[in-house]
Amino acid sequence: MTDADDVENLMRERLANPFLVLAVAPSASAAEIERQGQRLLAELAAGLDGARRYETPLGMRERTSELVRSAIAELRDPARRLGHEWWARGLAAAVAV
Amino acid sequence: MTAFSAMIALAPQARDADLVGRGGGRAAIRLLIWTALWATVLRNIGGSVGAWAEGSLGVGVTFLIAVAIPVWLFVVFPSWLAFRFAAPRGMRRLALAACWMSPLVRLRDLPSIAAFFDAAVDSPFRLAPWGELPADTWTALASALQADRRRAPAHAARIVDALAHLPAGARFPWLARVHGVETLVLSAVARRDWPAVARYARLGQGRLVVLLAMVARAARGDDVPAFELWIAWLRAPMRRALLPIVRTAVAQGQAVVTADVPPRARATIHARHVAMLEAAARHEELRTDDVMALAAAWQPAVDDAALAALHARALELGVRDGGARAQALREQVLDELALLLARADGELPRAPAHPFADTLAARAREGEIARIKASLAAFDADAVGPSLPPLAAWERWLALRAAWERAEQTAGRAALATLWRTGVRDRLWSYCCAVSHSHGTRAAWAAHMMFDWLADRAEVAGDLVAVLANRENARIALASLR
Amino acid sequence: MTFGSGIHVGIDLGTSNSAIALFDGESVSVVANAAGETLTPSVVRIDGRGGRTVGRRAHRALDGDPANTRAEWKRLMGTAERLPFAAAGAALLPEELSAAVIASLLADVRDAAGFTPRAAVISTPALFELPQNHATARAGRLAGLEEVVLIQEPIASAIAAGWRADQEKDRKDTWLVFDLGGGTLDVSLLETDDGRLRVVDHAGDNFLGGKDIDGALVEWAAGALARRGGGDLRADRATARGRRMLARLRAACEQAKIELSRAERASIVVPDAEGDGQPDAGELEITRGDLEALTEPFIARSLAAVRVLLAKNQRGADDVARVVLVGGPTLMPGLRARVGELFGGRIAAGVDPMTIVARGAALYAGSVGLDATPAARAPAPAAGLPVRIEHPSVTADLEPFVVGRCLPGAGQTLPERVRIEREGDDGGWAGADAALSPEGSFVLQVRLERSRRNRFAVRAFDRGGAEVALATGAFAIVHGVSIGDPPLARAIGIARADDTTRVYFAKGTPLPARRTFAHHTVRPIAARSDDDALAVPIVQGESMRAHRNRLIGMLQLRGVERDLPAGSRIEVTLEIDRSGQLATRADVPGTGQTFQDVAFVLVPTASVETAERELGATNRRAAEVQRRTFQLGIPAAVQAIADVSAVLADADRALPAARAGDADAAQKLHRLLMDANNALDDAEALLEWPDLDAEARRCKLTYTPMVAQWGTPAEQQLYEQELEAAGAARQRNDAADLELHLDAMRALGRAAYCRDPHSMADAIDWAAAHVTEAMDVAAAASLLDRARALQAQNPFADGAGGGLRALRAIVAEIWELFPSSPELQARSFDSGIR
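In order, the protein sequence lines correspond to chains X, H and A.
Per this note's numbering, the very first residue in the first sequence carries number 1; after that it's consecutive.
Per this note's numbering, the very first residue in the second sequence carries number 1; after that it's consecutive.
Per this note's numbering, the very first residue in the third sequence carries number 1; after that it's consecutive.
FYI, nobody ran anything at the bench for these hints, they're computed from the structure.
Be aware that one or more of the hints could be misleading.
Stated by the list, open to error - Listed next, the in silico SDA-like pairs over lysine to any residue satisfying Cα-Cα at most 25 Å (straight line):
1) A/K507 - X/R69
2) H/K373 - A/K312
3) A/K312 - A/A263
4) A/K507 - X/N9
5) A/K172 - H/K373
6) A/K312 - H/E316
7) A/K700 - A/D785
8) A/K312 - A/N677
9) H/K373 - A/L342
10) H/K373 - A/F630
11) H/K373 - A/N677
12) A/K507 - H/K373
Stated by the list, open to error - Stretch-level coverage of chain A by chain X, calculated; a stretch enters the list once three of its residues show a Cβ under 8 Å from a Cβ in chain X:
13) 296-303
14) 391-398
15) 401-412
16) 478-488
17) 514-522
Virtual Cβ for every residue (Gly too), placed ideally from N, Cα, C.
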C-alpha cells in the first residue's frame, strides 16, 4: 500500500518540475529564472487568471505561489538544478511537441 | 522464535460442539413458525381462490395461484424484503427478521449478515463486537465493503481475490454472491471506480451485477453493444438510480475513442515514464511487459555516455560531486521502474535483453521476497487469541498470500522454494493452528482456506509431509462447519 | 504590499544582549535605548511589587539580587521550565522573559521614531528547532507585535554584510558566517551569485558560546582562589550565599575578559560584599596568555565545526571569499587571530559584530515587505481609480517585472493604457506605454538604479489621452541582495509504526511549505471511543530511524464517528509558515472527518536520572563500536568514532552541573547524548558491510559441516545452492541479497543441528545456566527437571526417535519462556500508522 502512495507522490513531483512550473527553458540562466519567478508571484498575487495554470505533458496543472517559491529555491541550488534540468529536458520537449 | 519452534503438526479441535445442539433447537422453532405462518397464508389464499373461482378456473391458473405464488412468497420474498427493501433503507431489524424467515439463510449466518448490514449502512457493528464475529463470506464481504469505503482498494481487492479462489467445499452462499457482492459493486460505482467495479463484479451473480460489469467494460473502452446494455438495464433492479450511468456508458460507446494520453506525450522517454506513473497512480492495470519495454527505452538515456554528458553539465553548473549525482539519477530511474514493476501483472523475463533491464529484474525479485519477509514478521502464533479476532487473523494471512502469489508470478516458484522451507512453512503452520485452536468454528471457514492454501504451496515445494498434514487439517476444519 | 514608504523593523534576541534596527528603504540604523546604548542586555528583574526592569539596570542587579534577576535563558526557549522570581512569587516561562525584553526594545523605537512597531522580524539561531522557534514567535506576540516573521541569524548577518558590497556582474562568491554568541555557535556557508543569496549549508553547536568560555574562566578563577587558601566557591553552589559569591565571581571574570581584548593583563576582583572577611573574596591577576590557554579548547572546537562544514560541502578554506564574524566573543583577539589564520586574513571589515544581526533582520523585513508602521499611520489613499500593484520589495534584478490590476468601482471605467515612470540620479526613466488587458491588468518591466531605493509612479490614460487619476499609483523597489525564502534547518516528517521516518520537508526546504502524503493505519479504531486514539507523531531530524529524531508534536485521532479498520487510508498534511509555525491536519476520506488536534511537544525537560542511565548505555555502546571498528579497520568509521569520544567527554563534564539542578546543563546533556547516538548510528552503518562479510564467512564455516553430517539430502542440495548464491552476492557487494541467502543458510544449518542428539544437551545446559533470566522461573525450572529426567532415560537409544521428539517438544517450551524483546513499539513513539 505504501507503493501506491509512493507512485502517486512521485507522479506529482515529476509534474511539479520547477522548469515546468516556471515555464522556462532548461537552459535558462539564473537571472532569467529569478525574474520569471518574481513575475509569476506578482501575477498570482494580483489574481491574473493566466498565471493560475501551467502546462505539463499530462495536461494543465494548478500553479500556486507555494509551488513557484519552491521552484525558485530548488533551481538556486546547482545540485538540485542538475536533476530537475535532466527531467525537464524530456518533459518540456514533450510539451512543446 | 528460535530454531526449536513448531515442527509439530497440531490437529485443530472441533470446538463449540454444543452450538450445534443449541442451533438445532432454534432451527426447530423456526420450522414451526414457518409452518404455522405459511399454513395460515396458504389457507387464506386457497380459501379466497376457492371462493372466487367456484371451479371455473383452468389448471394453469390454479397452479399459478396455489403453488407458484406461495412458493415464491415463501422462498424469494423474505430475502427480497431483507435485501432490496429493508437493508437499503436502514431498517436493520426488519431486514434481520426477514432473513430469519428466509429458508435460503442458515441460522448460524445471522450474526454475520447483521454485521454485513451494519457495514452496508456504515455504522459500527452492533450485534456482536468485532472480535467475536466469525470469519465467513458475509463478514469477509463486510470487511471488503469497509475497506472499499475507507479508500483502501488494495485490501478490498485481496479479499475479493481470495473469495474468487475458494477451495472446494468452502461455502459461498448464493445470497452473498448476489446481494453481498451487489452492495460492494455499488460502493465502487458510487466512486466511479470502474476497474474496481469490474474486479468485484467477477465475483458475483445476478442481474444488477451483470449490468454493472457491462457498464465497467464500456467505461474501459471495450466495445459493448448499446442494445445489450439496455436489455440488461431493463432486467435489472434499481432502474431509476442506474439510468444516468447506463446513458453515459452508451454515449461513451458511441463516441470516438481517443487515447487517454495525447499522442505527443509519448514523444520522449521522460514523458512516457510519467504517463505510466500516472496510470499506476490511478490503479489502472499495468503489464510487466510494458514496464520492461519502458526500461529498454531508458537504456540509451542512462548509459555511460549519457551519464558522462550529465557529469560535464554538472561541472558547468559548479556541482562538486557531479559523477555521483549522475549515478544517483540513474538509480532514481531504476527505483521508480522497480516501483512500477511491483504494481504490474505478468512474469519477469528470464533473460533480459540488456544490463539495465537485468538490474531492474533482479531488484524486482529481491523486492518481492523482501515484501514477503516483511509480512511474515506479523505472523506470531503467540499473538493469536481474543485480541486477534478470526477475521483480522484471516486478513493478515491475505496480505501474505497476495505477496507470495505475486512473487511466484514475478520471481518464479524456484526462488520461493527455499523461502518455504526456511521459515514460512513452520511459521504459517503454527499460525493457522493457533487460529483454529483459539476460535474454533468461528474461524473454521478461514482455517479451511488457509490450510488448503498451505497444502497447495507445500505441493509446489515438494514437501510431502506438509501436504498431507495440511490437507488433513483442511478437512477437519471443513468438517467442523457442517 | 507596501505603498512605498514603509519602515521595517528587525530584532536580534541574543543570549546576552539584544538589539533593534530600522530600515527605511535607504539605510539601516540601530535604535539606542534609554541609556543611549545600541545593545540592551537580555536581563530581566522583577521586584517585590511586581515591577519589571529590563536591560542595563537589571544587569547591575544580577550581582546583588540573583534571586530576582534572570539572564541567559535563550537555551531554555521552548521548554516548560519556569524561572522563579522569589520576591514577586512568580515563575515565568522563557518566552515570557523574552517578551519583556522585546517590549522594552519596542518602547525604545517608540521613543526614537514616534510609533510602536506592529510587525517585526526576529532572528533565531539556525539550529533552533521548531518548539524553540514557536516560543520565539510567541514571545513577539506577547510583547504586542501583530505579525512576527523569523529569520536565521547567519542569513541576517550575510544580508547585512553583503548589502553594500560591490556587486560586480556575474560575481559568484562563497561566504562563511561565523556567529559565536553568548550561548550558541552558528557556522553557515552561503553563496552569492550576482546578488542572489543562497544558504548552502550550516552547522554549529547549540551549546557552545561565550557562556561556556565564561564558565571555564570562572572554574579557573575559583580553582586559583581555592588554591590560595580560601574556600572553594564551586562547592558552595547549593547555598544562597554560595550562589551570590559565584555570581560575583562570574561578573568579575566577564569584566576581566572584556579588558583583555584591549590590554595584556587584567584583574579579577571579587569584592567581599558580605563583609564577613571571608578568604574567598579577593583579587586575581590574569594575562591574555592565560585566557587564550583557557579558551583554546573552545576555539579549537569551533574551528573544527568550520572545517567539518567546509569538508561536507567539498570546499576548502581557500574557496571562501570572505568571513563575517558575528557576536561578542568574536571580539577576542585570540579567536580573531585563529580564524584569520585559517582563512588567510579574509575577514570582512567594517561590520559591527554586535549589531549586524539586527541590521540584517531589518533588511530582511524590507525584502519581504513587512511594514512595521501601524495602519493608522499609513497615508490615506487619494481619490481615484483603485489599482493593485504587485512587485518585489527588494531584488537583485535590475529589470524586474511589475504586475498591476485596476479595480474599478461603481461608475468608474478602465483606462486604455498605462505607463510607469521613475525619477532618479540617472535622469529618471520612463517605460513604454502598454495597453490594459480585458480584465484590467498589466505586466511591465521596469529599470532600476543600482543599490538604492527606486520610487516609481504608475500613470494611466484613457482613450482620448487624458490622464486618469489613480488612488495608489506609487510604489518603490529596492535594488539589493535578493534572498530566497528562509530554508528549514532540519528535516521534518512523520514517524511510522515500523520506526522509519516519512520525510515531509527535507533540510533546506524553503518556507512557507505544505505537503500531503497518504498513509494507512496499523490498528483498528472503534467508533466513538475517546480514549482509543491513534497517534501520528511528528518528528524533526535527519535520521531515517524515527526514534533517533526529536519528537516535536503529536496529532491525536480521537472521537472517530465510524469504525476505522486497520489499513484505512489517512491523508496527513503538514504546513509550515514563514516563521516556523507548524500546522497539522489528518483527513480520513472514508469517514469524511478531519482531525486537527495537535499537542505540541516542548523540548523535553530531560530527567537527569534517565540521562545518566542513557549516558552509561551510550558509553558501553561506543566502546563496543570502537572495538569493532578497530578490528575491521574501516577509516571512515574511525573518523566517526573520534567525534563520539569528544561528545561523550563533554556529556560527562555536564553531568555534575545537571545533577545540581542546572536546567541548562540538563538540556545540554540530553542533546549531546542524541548527537553521540546519531554518530554511533552512522559508524554502525559504515561497519555493516564488513560485518556482514565476516558473518558470511562465519556462517559458511559453522554450518557447512553441520549440514553435511546431519542434513537430509534435500536440505544439503538447497544448502549448496544458497552457498553459491551467497558467494555471488558477496562478489557483487550486494548486502540485501547476501542477507537473504545467509538467513536461508542459517535456517538450514539449524535444522540440521536439531537432528544432532548432542545439540539438545547443549540447549538444556544453556537454559539451566540462564534459568534466572526466564520470564517464569518456576515453570522453566520444572520443565528443565522433566528434560533432565528424559535425558537420563537416554532417549537416543530409542530407535523410533519418539523420545527425541518428546525431548524436542520440552526444549521448545523452555525456549518460549525466554524473552525476545519487542521494543519496536516504544521506539517508534507508539506510532499508529505506516
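We went through each hint and held it up to the structure:
| no. | hint | result |
| --- | --- | --- |
| 1 | A/K507 - X/R69 | holds, 16 Å |
| 2 | H/K373 - A/K312 | violated, 37 Å |
| 3 | A/K312 - A/A263 | violated, 38 Å |
| 4 | A/K507 - X/N9 | holds, 19 Å |
| 5 | A/K172 - H/K373 | violated, 52 Å |
| 6 | A/K312 - H/E316 | holds, 21 Å |
| 7 | A/K700 - A/D785 | violated, 35 Å |
| 8 | A/K312 - A/N677 | holds, 20 Å |
| 9 | H/K373 - A/L342 | violated, 53 Å |
| 10 | H/K373 - A/F630 | violated, 33 Å |
| 11 | H/K373 - A/N677 | violated, 28 Å |
| 12 | A/K507 - H/K373 | violated, 32 Å |
| 13 | 296-303 | violated (count 0) |
| 14 | 391-398 | holds (count 5) |
| 15 | 401-412 | holds (count 5) |
| 16 | 478-488 | holds (count 4) |
| 17 | 514-522 | holds (count 5) |
Checked against the numbered hints above, the structure violates hints 2, 3, 5, 7, 9, 10, 11, 12, 13; every other hint is satisfied.
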